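J.: Each chain, letter by letter, is given below.
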Amino acid sequence: MPEEKKTVRKKIAAAADLNNFMRDYYLALDAAAQKGSPKIAWCTSVGPAEILRAFGFQVYFPETHSAMLGATRMATDFIPVANAMGYSPDICSYLTADIGAFLKGVTPLAKAFNIKSIPKPDVLVFNTNQCRDVQDWFNWYSAKFNAPVLGVHTYRGVSQVTDKHIYSIAKQLEALIPPLEKIAGKKFELNDLKRTVALSRECSELWKKILDTAAAKPAPITFFDGTTLMGPAVVGRGTQKAIDVYKILLTELEERIQKGEGAVENEKFRIYWDGMPVWGRLSAHAQLFSALNANVLASTYCNSWIFSALDPEDPFNSMARAYTELFIVRSDEAKEMYIKNMLAFFKVDGVIYHDAKTCPNNSNCRYGMPQRLEHQTGIPSLTLNGDLNDLRMISDEQTKTNVEAFIEQLQEHRH
Amino acid sequence: MRVQPVYVGVDVGASRTKVAVLDAVKTLIGYAVQKSGTDFSATADDCLKHALAMAGAVETDIVNAISTGYGRKNVTYARGTRTEIGCHAGGCYHYFPTAITIIDIGGQDNKVIKLDEAGRRTSFKMNRKCAAGTGAFLEEMSARLDIPLERMNDLASRSTDMVKLGSFCTVFSATEVLENIRHGKKIEDIVKGVFFSVIRRVLEMDAMSENVVMTGGVVAHNLHLVRMMEELIAKPIWVPEQPQLTGAIGAAIYAMDNRSEN
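Each protein sequence line maps, in turn, to chains R and E. The first sequence maps to residues -14 to 400 in the numbering used here. The second sequence maps to residues 140 to 401 in the numbering used here.
Just so you know, these hints were derived from the structure itself, not from any lab. Keep in mind that this is a model prediction, so the values were computed, not measured. Heads up, some of the hints might be wrong.
List of simulated lysine-lysine pairs, PhoX-like, C-alpha gap at most 25 Å [stated by the list, open to error]:
1) K193/R <-> K(-4)/R
2) K253/E <-> K325/R
3) K253/R <-> K332/R
4) K264/E <-> K325/R
5) K129/R <-> K20/R
6) K165/E <-> K253/R
7) K253/R <-> K253/E
8) K188/E <-> K385/R
9) K385/R <-> K374/E
10) K226/R <-> K(-4)/R
11) K385/R <-> K303/E
Over the 12 Å line for every Cβ pair with chain E, so calculated as not near, a few chain R residues [said to hold, decoys possible]:
12) R(-6)
13) I(-3)
14) K20
15) G21
16) Q43
17) A132
18) E174
19) E187
20) E246
21) A269
22) D317
23) A319
24) A329
25) N346
26) P365
27) R399
Just so you know, even glycine gets a beta-carbon here, dropped at the ideal spot from N, CA and C.
Modelling step: build the complete structure from the supplied sequences, incorporating the hints.
T.: Have a look at this one:
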């Protein structure tokens, strides 16, 4: 009988340091929640974390929490709870899983870090650059906890980022200051913001270098590694600890390159992933690709936490620029150019588009982009239907057949 | 001493298991088709027995065997696997060695596969996670209409006033069918509407460029569906002699070319 091929994927030693970072981060949040000090701000994943940290808030990111619900395969149990109270099964399954879990009094933090519940917010601050769903999500918790909610409303479909965009977003960021001063009970200090922006920029630069190591042949890292290693880039922006842990990781990856060690044994095919990860299938997908000697080595997703525009000398404008240059708010033309550059830089053989049922905002295959990019680059692509958190939207067998057939196709073109 | 070397392809589909036995010059000399059932290994074994008997061969004549389909990992005698996408492509190219667009309508999934002139895949698509437009859809409709599956082709060919079904979903289509029954529509017109629904689901998967080949169990048993598709896309459609066996034949060709790397 044909046997399922098992491969050994090379583990990243620094992952233990990153796990410790995440543990310490959540324990600090929990301690603050217990003591009532420092105050806690909730923030969207590309929200103005630098401002919140400048005020000394402990910052909590619900999207990361919901990704944990997905990765621990708990999400699918809680999505129907939110559906039953009026949230459509077609909207963001981060939102529905998170609210459903909250209503059931469940959090993956309990098993991971012995933390009983998510931290109560003193303020919630969103930026709609991820999607409009975050606004609804934060508004719901705002009502639940009777905590104020503040927001930045982004531009969408941006082709060229202009001064007008920057001015408008920077003004919205500045407008956050007075209410945050009241909530934090302290005066805003520009130097504090300059400091957190500088730390955020340094973290971002390191994260970029880490992801860029995948340009090496063989690549020392996979996208699936990246989705868990990106924790500090999301929740630790503006802190020294995130920088310290990424330095350790970068050193290890650079050593791997020196030794010619690939993350996937005998790397034959280099794959790019566009769209959300399937959190509940990270390990299964990593195994599926590595068994075919294919490394999914780069992604739009992991690279979305690189903010090269951040400039401590001009914090508000540079934050506005960094948050508006972001892939997810750009026009299709800008997105195409971005992906095209990524395919060339990472020397990619094939592209996977994840069409996530509940995440139209980050499913970039619905308006002909795969076909246009394939035409321009000659690099074949495959669209996988699935979801970030809702495993009911996934057919594992069909995914497997599609991926295997795609790699067969790439192989055929090498003959 | 081997009397006649043979190459075996096994396609364990969601609905049917197919085995093809080829001789050294890629001629189909034996085959078998059975319901896949719940024990894929046993069904594949039984199919092999019948196909070898038809070919006048014995197990020791088998040089290589490759399995494909959803149950490809359950075939005890297979020495490697290929996906059904690859095997349908290989099987069709064997019969039509030119640039082709293949439409395979199986029990639970549809595929549209494009090959270039050298037989290399340039793209493929499978239906999304939905049974609309597959063999399962026809099975559901035959149950709703209370007519045997094998009568559907004949009924559709006798239709004079096709009923149009608008729904994408199998369940909603079934509701529409019931509504048409209530309104006294003729069964043959409803069946033709069901066939048309299958075709529409396939046509929205990809553009029908190049020469079009249709395969799969649904095609094998419902050639009227092919005629309807020809009318709709206004070009002739090629159908191999054994459209249900194309995947198994493709697997056997892979076995012969020793191209499986699994």
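J.: Hints first: check each against the structure and report whether it holds.
T.: Cross-check of the supplied hints:
no.: 1; hint: K193/R <-> K(-4)/R; result: holds, 20 Å
no.: 2; hint: K253/E <-> K325/R; result: holds, 24 Å
no.: 3; hint: K253/R <-> K332/R; result: holds, 12 Å
no.: 4; hint: K264/E <-> K325/R; result: holds, 23 Å
no.: 5; hint: K129/R <-> K20/R; result: holds, 20 Å
no.: 6; hint: K165/E <-> K253/R; result: violated, 31 Å
no.: 7; hint: K253/R <-> K253/E; result: holds, 24 Å
no.: 8; hint: K188/E <-> K385/R; result: violated, 29 Å
no.: 9; hint: K385/R <-> K374/E; result: violated, 34 Å
no.: 10; hint: K226/R <-> K(-4)/R; result: holds, 22 Å
no.: 11; hint: K385/R <-> K303/E; result: violated, 35 Å
no.: 12; hint: R(-6); result: holds, 19 Å
no.: 13; hint: I(-3); result: holds, 28 Å
no.: 14; hint: K20; result: holds, 48 Å
no.: 15; hint: G21; result: holds, 47 Å
no.: 16; hint: Q43; result: holds, 41 Å
no.: 17; hint: A132; result: holds, 39 Å
no.: 18; hint: E174; result: holds, 53 Å
no.: 19; hint: E187; result: holds, 43 Å
no.: 20; hint: E246; result: holds, 23 Å
no.: 21; hint: A269; result: holds, 15 Å
no.: 22; hint: D317; result: holds, 21 Å
no.: 23; hint: A319; result: holds, 26 Å
no.: 24; hint: A329; result: holds, 21 Å
no.: 25; hint: N346; result: holds, 19 Å
no.: 26; hint: P365; result: violated, 7 Å
no.: 27; hint: R399; result: violated, 10 Å
Against the hints set out earlier in the document, violations occur for numbers 6, 8, 9, 11, 26 and 27.
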